[in-house]
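Colleague: The primary structure of each chain is shown beneath.
Protein chains: 2
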Amino acid sequence: MPQNKQLLLDNRPQGEATASNFKLVTSETPALQDGQVLVRHHYLSLDPYMRGRMNDAKSYAAPQPLGQVMQGGTVGEVVESRSAKYQPGDKVVGFGGWQEWSVVNVEQPGALRKVDTTHVPLSHYLGAVGMPGVTAWYGLVKILEPKAGQTLAVSAASGAVGSAFGALAKARGCRVVGIAGGADKCKYVTDELGFDACIDYKQHGDIKSMSGALKQACPDGIDGYFENVGGLVLDAVMLRMNAFSRIALCGMIAGYDGQPVPMSYPQMLLTNRMRLQGFIVSEHMEIWPEALKELGQLVGSGKLRPRESIAQGIESAPDAFLGLLKGRNFGKQLVKLI
Amino acid sequence: MPQNKQLLLDNRPQGEATASNFKLVTSETPALQDGQVLVRHHYLSLDPYMRGRMNDAKSYAAPQPLGQVMQGGTVGEVVESRSAKYQPGDKVVGFGGWQEWSVVNVEQPGALRKVDTTHVPLSHYLGAVGMPGVTAWYGLVKILEPKAGQTLAVSAASGAVGSAFGALAKARGCRVVGIAGGADKCKYVTDELGFDACIDYKQHGDIKSMSGALKQACPDGIDGYFENVGGLVLDAVMLRMNAFSRIALCGMIAGYDGQPVPMSYPQMLLTNRMRLQGFIVSEHMEIWPEALKELGQLVGSGKLRPRESIAQGIESAPDAFLGLLKGRNFGKQLVKLI
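Chains as they are written, first to last, in the numbering used here: chain H, -16 to 321; chain U, -16 to 321.
A hint or two may mislead.
To be verified - Listed below are several chain U residues computed to face chain H (Cβ distance under 7 Å; list not exhaustive):
hint, residue
1, 250
2, 258
3, 260
These aren't lab readings, by the way, just hints derived from the structure by calculation.
We put the beta carbon where it would ideally sit given N, CA and C, even for glycine.
Construct the entire structure; sequences and hints are all you get.
Modeller: Here is the structure:
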């Protein structure tokens, strides 16, 4: 059995997360029992939601337990199988966590899924054709419910969720405006992802400036907004939302370290008769097949060209994760293990 | 033709509204033309939404024009008619504004409606069986969508909207908790209106204290909240909302004078996958008949006993209105004109 490097949550962050919250250990992978397969992880997924689970706070998911392998999505290859359903060489997506190998009970619902890498590279099943893509799909289709010709906006537009959101929204005939940090990300958002405009929030340090930029990019106002960030960006967007507009609240990275992120103008929700809805995509498994089908077609046809930031080796995961929380990644953040 | 005392909006408030924003004038009522009736107003309705319309701000309704009669709901009696549809003596509800008489074009949709005062006193058509009651109905039925056994909460619980909300929610088998200002209002809310509990927000000056009182009154958390106030009360309630709970945002009295009323914990909307929706009931005319029918039955059968604060004479309207904004009214605020 191979040696398995693993990253554990060693202690909980006090304010900002740091590398010292994690601990690298090496263990033996256990021998397989009937119904189990051994998966070699090719990529780990790093996602902002993981920061929330590092806190010992009441939330939608139980906190990440201390002293255990950090939980997270993985793609890899079956190398040994004691199940008739999987053969060595099968490419699979699962929830193997921050480690190099995992032993999976294949009968556990949702534990493992075979994927086809003919038209979609394996890593994309952690991004555009995985949880982040489906997240964008749910927020867009089920909450924003856009009509052709409407203006939609999304924060963290160059990331895994934002980029999928853009492609899905363009496919529905909408004007799509992104918000991202830095000129290079904004250029990618418009030139590669096909957004109609992108605003560099780093050029707009206060609400008035940000709101002015939004007015220019959204001359007809904003009909739907997909929120990943919170704080100042949300405040500025709220000032540009139209009557009967909608907000899909997916993430509030701005508040993950525990600092307050008040919403400055909640009265706009009333004045504009808006609807705001928070969601997590894992509670809507019924829409995954439809969403994954559309996302796979968008990637397979080249209409969605997701970008990836790839860190090498499991030892790099903590720093890559902390960088992600600070927006240092460019596209989907992955850790490559082989 | 009778002399008609009228209150005009003379100038817009700078911060708090004051009596000097209004101006009393006397005019002649014009002679009737075909299709018109002359209505003698018995009661004027005073409602918090009027404060918002006194500002010259972009909002769902056009601002109240300067130099014109303050707009608002009225009930009264037809005293002269040049329409076959109305006879002198008919009791009617309309939108006659802050004046003693009005001339109404009866063919204008929604301008006038005949009402039956056999089981429901005329004044209640401005409250429980009028716009405030229908507002409660819409927020409860169409936004909160409660199930029997759930816990619902409402601010300004002793008011026209809150009291109707309580009766409608009890009729659906819910636990209903009110929030009101002062021991006498709270006693009325529980003893007369049949709420399960009522919290006196004046006894709780900070979020922690208010949230603690809510925890005690709502041991199973809050599944639906109907918001009339905003600010600290909303913040405290947000900390007690359950997963998949809903907020119907009807008013934010706390912010009507233009001061900021930030929402302190918008991240709870995400953590608890909440839905928040702002609305104004005049945009949902299709539900009025069904809502008015239920509300009329609740009042007729004595299950909803709305309380009224009645000021006497049109000259008293400005002070009564300013008192309403400060919560000095007790139940529906009216001005009696005869």
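Colleague: Hint by hint, note whether the structure agrees.
Modeller: Right, here's what the structure says about each hint:
1. 250: Given a least distance of 5 Å, the restraint on residue 250 of chain U holds.
2. 258: 5 Å, holds
3. 260: Hint holds; residue 260 of chain U Cβ to chain H Cβ min 5 Å, cut 7 Å.
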